[in-house]
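Undergrad: With chain R's structure known, arrange chain E on it following the hints.
This is what each chain is made of:
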Amino acid sequence: MSAIVQFENVGLRYGLDSETLSDVSFSLASGGFYFLTGASGAGKTSLLKLLYLAQRPSRGVIRLFGEDVVTLPRKRLPGFRRRIGVVFQDFRLVPHLSAYDNIALPLRVSGMEEGEIDAPVAEMLNWVGLGDRRQARPATLSGGEQQRVAIARAVIGRPEILVADEPTGNVDADMARRLMTLFEALNRLGTTIVVATHDLPLIAQVSGAQMMRLDKGRLADPTGTLRYPPQSQSKPQGNA
Amino acid sequence: MPSHADRKASAAARHRLLPGGRLAGPMPWIIAIMMFLTVLAAAAGLGLGAAVRSMSADLAGRASVQVVEADAQVRAQLAGRTLTALRSSRSVRAAEPVDPAALADQLRPWLGDAATSGDLPVPALIDVMLTPGDAEAKIGGLRRLLADVSPKLRIEPHAAFLLPLAGLLTALGWLSAGVVLLMILATGAVVVLAARGAHDSHRGTIDVLHLMGSTDVQIARLFQRRIGLDALMGSALGFSFAALVILLIGLRLAATGSDLIGAVELDMRGWLILVALPIFGVLLATLTARWTVLRALGRAL
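Just so you know, the sequences run in chain order R and E.
Counting along the first sequence from 1, when you hit position 42 you're at 42 in this note's numbering, and nothing is skipped either side.
Counting along the second sequence from 1, when you hit position 15 you're at 15 in this note's numbering, and nothing is skipped either side.
Pulled out of the complex, with its shape left as it was, chain R reads as follows (with noise of 0.2 Å):
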């Protein structure tokens, strides 16, 4: 399989800090599934942001989908950010709007007319198990269901790359499972799968996953070569 992402000795600095990123290099497959684990403040979020475009790093070079995006004109990003979705750890749902408009937005964005967009929101409403939520604004949802929409909007546009920060991290079990069986069928259908997460558990459930840590700041395997799957013997070390 061809490279989706390629990161070549990538530094990310904010300020005058230390570097928050250093020296990361690595590939992604395209169709990957991919974990990212690390202790808090590896640079988990970090190596997300710039994945997602919204950083530029401070050094190195960052391709996706076979250009260079680090010198990438900015008003070319919008059409690479809608190849992309994601879940934030934070969700950032648009408070004023729906569970349904926030879902639709990604579709609106890109331009879909309005009639095209009733069936697949409504379907991924459902999915989600909102479907009788669907003009309830985000304060009037729980964590859990916030992350549901969370979710559904990121997918509802069958990105080539789906990053996910700590997706599962408001939901119960059950919905931890379907989350990850959508993730599956979304990556089944070519997707590239990008999970930042702290749950090994959740880690264990994706057969042919593989997996990277990040320790503070550095891939904590300096030849970038990718290890799985991550239920045997290579589990993460440490408290990722």
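Calculated from the structure, these hints are not laboratory results.
Here's a subset of chain E near chain R, in silico, CB distances under 8 Å, partners left out:
| # | residue |
| --- | --- |
| 1 | Ser10 |
| 2 | Pro19 |
| 3 | Gly204 |
| 4 | Thr205 |
| 5 | Val208 |
| 6 | Thr215 |
Now the stretches of chain R that chain E is said to cover, found in silico as 3 or more residues with beta-carbon under 8 Å:
| # | stretch |
| --- | --- |
| 7 | 54-60 |
| 8 | 105-115 |
Which bits of chain R does chain E cover? Going by a derived footprint, with three or more residues having C-beta under 8 Å, they are:
| # | stretch |
| --- | --- |
| 9 | 68-79 |
| 10 | 94-101 |
Backbone N, C-alpha and C define an ideal beta-carbon position, used for all residues, glycine too.
TA: Showing chain E alone in chain R's frame:
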């Protein structure tokens, strides 16, 4: 091809992306006040300009000839000769003596009954209307002509009397134009502040839209539409009140019966310029909002 209903639904969905309804914040009211003041200032400038033009047109071709002779009999004879000389000149379209009784009536408020007693040597006056052309040169020619008739004759162009007033009105007209310009700049500044404020308060939504692949132009459109609508409401309100005030002032001016004050009026061209102001205001607000938001978005990744 999307249907009309589809397009309407898409537009409604886009409009929901920013919270808050029309006239929800201070912006429309601020625009209304600024538009009210702008239209009044513009109306004042246009009215004064019309007055200056009317005054100049009325006065440019007119002059008065004074026959300054103490002896009433000699004065009457000299006035007759002067009238003949004036009417024979090619520079004069018409020359008419001012009725001494009418002149005495005009002087009575200042001189009392002495104005009509005959004891006071009041000069005889002749109103002269010049033929079209260079009025200054013609006045010079008539001055030479009258000097040949008698040294007791004086000619005064009417424009000279009201030159300071015309200058004052012109200056006030320019002042009004300056006020309009300042109001336009202030409106632009208010819109910049409002757009920045809106951008900052919706930063979370904007970040999410950006990360989903919204372009800067897509996001800027949301703000320019909202601010454009606010400006439309405010401008319509401000213009309506200003137009009402202008009409009421116009009625008051007409009621004075003064030729000079009555000349301060708005013609169709003036009203068209005033109507263009709110349209311009809405365009200015919309484009300024777009520019401000695009600039702010350009600073983010």
